[in-house]
Amino acid sequence: MNMDGRLATIIASSAFGAKLGEMIEVTQDGLTWTLSPRPDLIGNPLLPALHGGAATAFLELACGAIVAHSLDREVLPRLISVNVQFLAPMRLRDITTQPTILRTGRRIAVVHADAWQEDFSSPVCAAQCEFALSA
Amino acid sequence: MLKIDVRDGLRGYMLSVLSEAGMVAIPWSAALEIEFLSSGDGLAALRMPWRKDLSDQDGGAASGAVASLIDHGCGAAVMSKLARPVLISTLNLKIDHIRPSASKCPVTVWAHCYRLTSDRAFVRAEVWEQDAADVFASAQGVFSINRPITA
Numbered sequence: 001m002n003m004d005g006r007l008a009t010i011i012a013s014s015a016f017g018a019k020l021g022e023m024i025e026v027t028q029d030g031l032t033w034t035l036s037p038r039p040d041l042i043g044n045p046l047l048p049a050l051h052g053g054a055a056t057a058f059l060e061l062a063c064g065a066i067v068a069h070s071l072d073r074e075v076l077p078r079l080i081s082v083n084v085q086f087l088a089p090m091r092l093r094d095i096t097t098q099p100t101i102l103r104t105g106r107r108i109a110v111v112h113a114d115a116w117q118e119d120f121s122s123p124v125c126a127a128q129c130e131f132a133l134s135a
Numbered sequence: 136m137l138k139i140d141v142r143d144g145l146r147g148y149m150l151s152v153l154s155e156a157g158m159v160a161i162p163w164s165a166a167l168e169i170e171f172l173s174s175g176d177g178l179a180a181l182r183m184p185w186r187k188d189l190s191d192q193d194g195g196a197a198s199g200a201v202a203s204l205i206d207h208g209c210g211a212a213v214m215s216k217l218a219r220p221v222l223i224s225t226l227n228l229k230i231d232h233i234r235p236s237a238s239k240c241p242v243t244v245w246a247h248c249y250r251l252t253s254d255r256a257f258v259r260a261e262v263w264e265q266d267a268a269d270v271f272a273s274a275q276g277v278f279s280i281n282r283p284i285t286a
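Going down the list, the protein sequences come from chains A and B. The first sequence begins at 1 in our numbering and counts up by one. The second sequence begins at 136 in our numbering and counts up by one.
For the record, the hints were derived by calculation from the structure and aren't laboratory data. Bear in mind the structure is a predicted one, so any value in this text is a computation, not a measurement. Using N, Cα and C, we set each Cβ at its ideal position, and we do this for glycine too. Be careful, since some hints might not be right.
Below 20 Å or equal to it, Euclidean Cα-Cα: the simulated EDC-like pairs (lysine to aspartate or glutamate) are [to be verified]:
| hint | chain 1 | residue 1 | chain 2 | residue 2 |
| --- | --- | --- | --- | --- |
| 1 | B | Lys229 | A | Asp114 |
| 2 | B | Lys239 | B | Asp266 |
| 3 | B | Lys229 | B | Glu261 |
| 4 | B | Lys239 | B | Asp188 |
| 5 | B | Lys187 | A | Asp114 |
| 6 | B | Lys187 | B | Glu170 |
| 7 | B | Lys239 | B | Asp193 |
| 8 | B | Lys216 | B | Glu264 |
| 9 | B | Lys239 | B | Glu168 |
| 10 | B | Lys229 | A | Glu130 |
| 11 | B | Lys216 | B | Glu261 |
| 12 | B | Lys187 | A | Glu22 |
Per label pair, the in silico range of CB-to-CB distance [said to hold, decoys possible]:
| hint | chain 1 | residue 1 | chain 2 | residue 2 | range |
| --- | --- | --- | --- | --- | --- |
| 13 | A | Glu118 | B | Ile233 | 33 to 39 Å |
| 14 | A | Pro48 | B | Arg182 | 23 to 29 Å |
| 15 | B | Ala268 | A | Glu118 | 45 to 51 Å |
| 16 | A | Arg6 | B | Asp254 | 44 to 50 Å |
| 17 | B | Tyr249 | A | Thr27 | 40 to 46 Å |
| 18 | B | Asp176 | A | Ala18 | 37 to 43 Å |
| 19 | A | Asp119 | B | Arg250 | 33 to 39 Å |
| 20 | A | Arg38 | B | Ile233 | 29 to 35 Å |
Facing chain A, according to a computed beta carbon distance under 7 Å, are these residues of chain B, among others [to be verified]:
| hint | residue |
| --- | --- |
| 21 | Ala197 |
| 22 | Ser198 |
| 23 | Gly199 |
| 24 | Ala200 |
This is chain B alone, in the form it adopts within the complex (with noise of 0.2 Å):
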């Protein structure tokens, strides 16, 4: 039986928020199929597909599947700002949707962790589907960041 050291785990899981391979290790992150696209510097984009099972009343992607899509793209991007594995967690989330998005588009977030402090994380985000310019969803959260993850 294979023996995980939680320490180790604990950094890996939060290394790898910031690759593709953390997506699949995230299990509701895999089961949307949501897919990293880049971060880096306080940024970060991830794209989640359009699925009839992912989808609300109107076709859209549905509101409960694009806040996953946020909460996760928001603790990219903080990740990314941080120089050294620690543990976040969301304090809070306020999403605002600013129109019904499109049928059978898959959804980008990009996510700005815009300012740091020792114990907190600001972040803002956005999610478009073909035009970065055209968003229907805009995000504002504040995550913790709990404590640093030791070797």
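Isolated chain A (complex conformation) (with noise of 0.2 Å):
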């Protein structure tokens, strides 16, 4: 886990976060998210490619640590809801994000996130989080 303390905290407050935080770089500035995927996370062994779900979880923990942070909270805020697409089918090799907060209201916080791996300009899936910000 490379990345600033705070953040490190957040993604620590959820057993599994920590277990997929192993794998995760983040830039100095919190904004740009990398995921280097370990073999494990392989969902179809014959390209191989990143398990679709392992890409979710990855999106939706970077989603709910910025809105955590955003916050100065150090637990990850409860999912409502994720809808994600896959663009492109994922290698296995890194994978980047920089989630972009949509709204962050009294009770609920919006996510948007796309992920590429190679190009930039070319992402391979995009996820939009709704989290829940009441206890």
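Both chains are given apart, each in its own frame, so use the hints to dock them into the complex.
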């Protein structure tokens, strides 16, 4: 886990987040997230391709963490909904995202994240997440 | 060194999604210990155990692990509806987390491929712990049917 200490705390609030976090690196400004997938994240061993569920988990985690970070919280917010689109086959190599908070209200935050592998201009998947901010 | 014919491998992979062996063949599903329960006629049921490292901040099954279970369950439902081995891929998936899932409970996904066209499959799924009438997550997705796997 290579990231700012506050982000590391947020991610580790979930045991699953900590597990995935071992493969994640975040730039110093907290904006750019990269997952370097280990072979156990393979969904199709023949290509081999990254599992769609693993990519979804990565995007959900990045989106939730930047919401918590922006609100000075230490725990990941609870996910209400995620809508993910798979745009191109995902290979087993680094996948990067820069999540954008579309809106933070009193009770809900909405975050969008595109992810790319080699070419920033051709994303491989995109997710939109809604989080609950109240307990 | 073992030589694998990609065509055979592809067919074996697609068919194995429908069996317990397939869960081991797909590394991420094996890592989550996803267990195949049953499938047929567009329906599939899979189970994932509760594990500390698969749990979230509230102690229930983590949303990311549940998303993986749903994706795999939906894929298995599509496979069971297809009469022939075909390569499929997830186009989109929408997952709603209705309530937090209970701690220390295995979770079951039930997926239904309710409509199949020549190049797309439409799927709904529900996830619960103990009671199929008390789901904690529901999902809807579209799969692309890419190309037949011919011998």
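The hints, checked one at a time:
| no. | hint | in the structure |
| --- | --- | --- |
| 1 | B:Lys229 / A:Asp114 | holds (16 Å) |
| 2 | B:Lys239 / B:Asp266 | holds (15 Å) |
| 3 | B:Lys229 / B:Glu261 | holds (12 Å) |
| 4 | B:Lys239 / B:Asp188 | holds (11 Å) |
| 5 | B:Lys187 / A:Asp114 | violated (29 Å) |
| 6 | B:Lys187 / B:Glu170 | holds (17 Å) |
| 7 | B:Lys239 / B:Asp193 | holds (11 Å) |
| 8 | B:Lys216 / B:Glu264 | violated (25 Å) |
| 9 | B:Lys239 / B:Glu168 | holds (15 Å) |
| 10 | B:Lys229 / A:Glu130 | holds (11 Å) |
| 11 | B:Lys216 / B:Glu261 | holds (18 Å) |
| 12 | B:Lys187 / A:Glu22 | holds (16 Å) |
| 13 | A:Glu118 / B:Ile233: 33 to 39 Å | holds (37 Å) |
| 14 | A:Pro48 / B:Arg182: 23 to 29 Å | holds (25 Å) |
| 15 | B:Ala268 / A:Glu118: 45 to 51 Å | holds (46 Å) |
| 16 | A:Arg6 / B:Asp254: 44 to 50 Å | holds (46 Å) |
| 17 | B:Tyr249 / A:Thr27: 40 to 46 Å | holds (43 Å) |
| 18 | B:Asp176 / A:Ala18: 37 to 43 Å | holds (40 Å) |
| 19 | A:Asp119 / B:Arg250: 33 to 39 Å | holds (34 Å) |
| 20 | A:Arg38 / B:Ile233: 29 to 35 Å | holds (32 Å) |
| 21 | Ala197 | holds (3 Å) |
| 22 | Ser198 | holds (5 Å) |
| 23 | Gly199 | holds (3 Å) |
| 24 | Ala200 | holds (6 Å) |
The structure shown violates the earlier hints numbered 5, 8.
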